[in-house]
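A.B. asks: Each chain, written out:
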Amino acid sequence: MLDHDILIIGAGLAGMRAALSAKELGADVAVVSKVHPVRSHSNAAQGGINAALTDRGDDWRDHAYDTIKGSDFLGDQDAIALMCEEAGSEVIAMEHMGAIFNRDEEGRLGTRAFGGQREARTFFVADFTGQALLHVLYEQILKAGALVYEEWFVLSLIVRDGKCGGAVIMDIRSGKIEVVRAKAVILAAGGLGRVFEPSTNALICTGDGMSLGYRAGASLMDMEMVQYHPTTLKGSGVLISEAARGEGAYLLNSENDRFMLKYAPEFKELASRDVVSRCEQTEINEGRGIDGCVLLDVRHLGEKYISERLSQIRELAMDFANVDMAKEPVPIMPGMHYQMGGVKANVDGETGVPGLYAAGEVACVSVHGGNRLGANSLLDTLVFGRRSGVHAAEMVKSIQHLNVDDSAADDDKNNIQKLLANDKNESFGQIRLDMGTAMKEHFGVFRDEKGMLEGIEKIESVKKRAEDVYVADKGSIFNTNLLFTLELGFMVECAESIAVSAADRTESRGAHTRTDLPDRDDENWLKHILVSQDEDGGHELSYKDVVITDWEPVIRQY
Amino acid sequence: MEVKFNVRRYDPESTDAVSHFQEYQMDMDDSSTVLDGLIRIREEVDGTLSLRCSCRSAICGSCAVKVNGEAGLACNTKIIDVLSEDGNTVTVEPAGNLPVIKDLVVDFQPFWEKIRAVEPWLQPEGEEPETEYLAPDEDMLHLAGVVSCILCGACVSDCTVMEVDSNFLGPAALAKSYRFVGDPRDDSAQQRFKTLNEDGGVWDCTRCMKCVEVCPKGVAPMDRIMALREQVMEAGYTNTNGARHAFEFSNSVKHSGWLDEKKLVVKSFGIFNIKAMIGLIPLAIRSQRAGKVPPIFHKNIPGVENVRRIFEKVETKK
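Protein chains in written order, with our numbering: chain A, 1 to 558; chain B, 559 to 876.
Everything labelled a hint here was simulated from the structure, so no lab data went into it.
All values reported here derive from a predicted model rather than from experimental measurement.
Please note that a few of the clues may not be correct.
Heads up, simulated BS3-like pairs for lysine-lysine below, C-alpha to C-alpha not over 30 Å straight-line [stated by the list, open to error]:
| id | chain 1 | residue 1 | chain 2 | residue 2 |
| --- | --- | --- | --- | --- |
| 1 | B | K752 | A | K143 |
| 2 | A | K327 | B | K562 |
| 3 | B | K636 | A | K440 |
| 4 | A | K304 | B | K875 |
| 5 | A | K234 | B | K875 |
| 6 | B | K636 | A | K304 |
| 7 | A | K234 | A | K262 |
Residues of chain B clear of chain A, computed beta-carbon distances all greater than 10 Å [claimed, not checked]:
| id | residue |
| --- | --- |
| 8 | R566 |
| 9 | S589 |
| 10 | R614 |
| 11 | C618 |
| 12 | L641 |
| 13 | L656 |
| 14 | P694 |
| 15 | A702 |
| 16 | V739 |
| 17 | D741 |
| 18 | V865 |
| 19 | K871 |
| 20 | V872 |
Positions of the beta carbon are idealized from the N, C-alpha and C atoms, including for glycine.
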């Protein structure tokens with residue numbers, strides 16, 4: 001059995017930020033990640049990180065309001081205010097650690113415009129900000145000498161009398177299963193994009209953390225709020241950063257019309273993501289698309305500017321769509337991108353299950369509510385990653401380990417033996433594809449009751465089939481076949497909670513747009529939907545009022 | 559299109575654990591990547607195939623493999639661009655210069671150890687400012703070209719030096735070091751130069767260009783290594799074979815218009831380095847036998863003044 005004060009699950013921005021802050025306070029910290037830290041999905045954030053710096057004449061309250069409006073007033077205002085207030089110091093801390101950032105003429109941090117915001121307050125490293133920040137945090141992890149279990153897979157959390165006391169983990173390289181006893185566990189395992197097909201998310205984004213939290217007794221909140229990013233490449237669904245529109249790109253329909261002028265006269269292409277995605281889908285549905293896409297046009301920015309500021313996405317468009325953005329418009333479509341919901345957590349990461357914390361995309365604080373603003377996700381990971389680490393480090397000083405021994409791994413070991421011995425013939429690839437396609441069809445940009453109920457049925461059948469997956473690889477070493485099967489279990493659970501939450505919300509708000517109930521209903525629905533597991537393993541829904549402090553909900557216009 | 563994937567397999571747990579090729583016949587779209595093919599193989603045909611992959615958009619660095627013998631990311635390599643001459647085969651093997659764990663999965667531990675060895679974190683001196691450090695945008699843009707390294711290991715896989723010298727820090731770690739040496743906020747260049755000047759450092763590169771060719775992100779590690787060499791020498795680390803070699807190379811050409819190979823060898827090792835001089839004797843004999851010994855008297859080429867003028871011009875420009 002291994003022993004640590006704090007075990008952090010996930011080595012992306014949230015996890016590594018938590019590890020650093022907890023280690024600084026003297027806690028014995030270990031991070032466990034199913035991939036090497038620099039392979040984490042934080043990499044994929046291209047455009048930047050938001051912060052209202054007062055010495056630039058910006059005000060965190062303005063950032064907070066833009067975020068609240070972006071959330072369609074489902075975000076909790078106290079949490080949003082806190083995140084926006086701490087944003088500046090987080091960005092500066094990253095710069096001090098080594099992040100390069102693009103600069104202005106005086107050598108200070110430069111900004112670019114991003115969607116849904118009245119100020120240009122997005123700090124950036126070309127168009128690979130996430131990668132740049134992720135590598136800097138990894139450098140700091142090396143410098144601090146923090147322990148990382150690289151390429152270890154988390155099988156389950158250990159819960160005793162409603163408290164979390166560690167995790168059962170498996171070394172992917174050897175197949176060895178270990179019990180880690182920990183006074184605090186911080187979930188920082190990222191999102192669930194693979195529940196949908198297609199998705200901009202990496203193949204590792206399989207909702208592990210959300211499902212682990214759910215099984216351990218935590219609630220999942222705002223799960224119906226799934227972000228469709230307005231600009232993903234035709235075919236592959238690869239992400240084209242909002243930075244393109246931030247730098248001035250146009251969206252055109254088949255009639256060469258800048259259609260966003262009509263829908264969002266003030267913000268145009270830079271309205272919030274849910275709005276732009278809906279407008280695109282409307283254009284496509286009404287016959288003004290081109291093969292199910294609209295066009296993203298950056299040609300007027302000039303080749304030099306494009307290669308300086310948008311080099312990676314230009315390469316992506318060339319590699320994956322055979323289009324040179326400097327010469328032609330790129331066909332794009334809305335694509336599943338981000339889960340606003342997640343394990344319900346407060347601003348210190350506490351989930352309500354003693355000993356269990358959550359931060360980053362896996363968590364729902366809720367700072368994104370019905371729709372996340374671009375460049376607020378990196379911010380979310382850093383602010384709440386750091387705060388969770390600090391809180392956990394303080395908390396572990398005064399508590400003892402739970403009574404945990406090696407037998408805590410027995411269930412997982414049996415489960416794996418059972419999976420390997422299964423002689424049924426379902427393939428995880430086909431099941432995942434069927435689930436992903438159903439989720440896209442029934443829980444996409446536009447939803448309605450009939451479709452969602454049909455979707456729930458399909459997910460139920462997927463869940464049954466998932467019990468009969470055949471694992472062809474019987475080995476212990478790097479058995480990715482087994483890992484995918486375990487991940488499928490996590491994903492199905494996430495899909496279910498998205499589906500039941502979505503069907504429950506009888507209004508349209510943020511990313512949850514119902515064609516049968518197109519209006520926002522503030523009277524009944526200024527509240528979060530929470531899903532938790534009941535005693536029989538079924539779903540139980542409950543509700544929590546949205547926290548409203550200074551900003552009364554108004555009709556959203558861009 | 560019909561594609562035959564020729565994939566190198568290795569299962570350490572099988573009773574006769576030897577690596578071998580396995581063929582998979584797949585019907586792929588014209589726009590498919592090698593990774594699309596591998597994923598379909600493991601999802602539809604053979605679940606036992608192991609490989610690392612994640613983002614599918616050339617940013618996570620997980621899927622570096624050898625395609626037709628050359629390293630690259632499976633996710634941004636289009637099948638149609640790498641089909642064999644007979645038009646339907648793609649050969650996929652694990653990345654080189656790292657031990658294979660299973661199938662296309664290699665052990666990255668030696669890679670990470672080398673990254674760690676260059677102390678890859680910013681080391682500024684003095685008190686942190688209250689706001690950001692000031693730094694010119696052009697310096698940061700220049701660094702962005704190296705920071706964009708995704709640590710995929712393609713350069714290490716195909717490095718011709720690491721193939722024979724496991725002590726070499728290698729292109730990825732050296733490029734990482736350059737990223738800090740070139741950072742105006744970093745104050746540890748002198749310390750870093752000392753390490754870079756040691757055995758296994760910047761002087762072990764043979765300038766074969768392979769890393770520049772295979773890098774999927776345009777980081778051009780070899781160019782960074784050459785820049786580091788210049789900086790190491792400028793910092794006063796001239797007492798190495800490499801530095802002496804560089805000095806004498808340029809001296810010889812400046813003086814005579816062409817290379818005096820005898821003198822280059824002797825000067826690079828140092829004339830008083832008796833052990834090295836004795837070690838050169840067999841080489842000298844072999845060269846003699848092969849008729850490859852340079853002329854005893856090294857004459858200036860005609861028009862050597864012009865060569866010298868070029869040197870003067872370049873030197874004043876610097």
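A.B. asks: So which of those numbered hints doesn't the model satisfy?
C.D. replies: 2, 5, 9, 10, 11, 14, 15, 17
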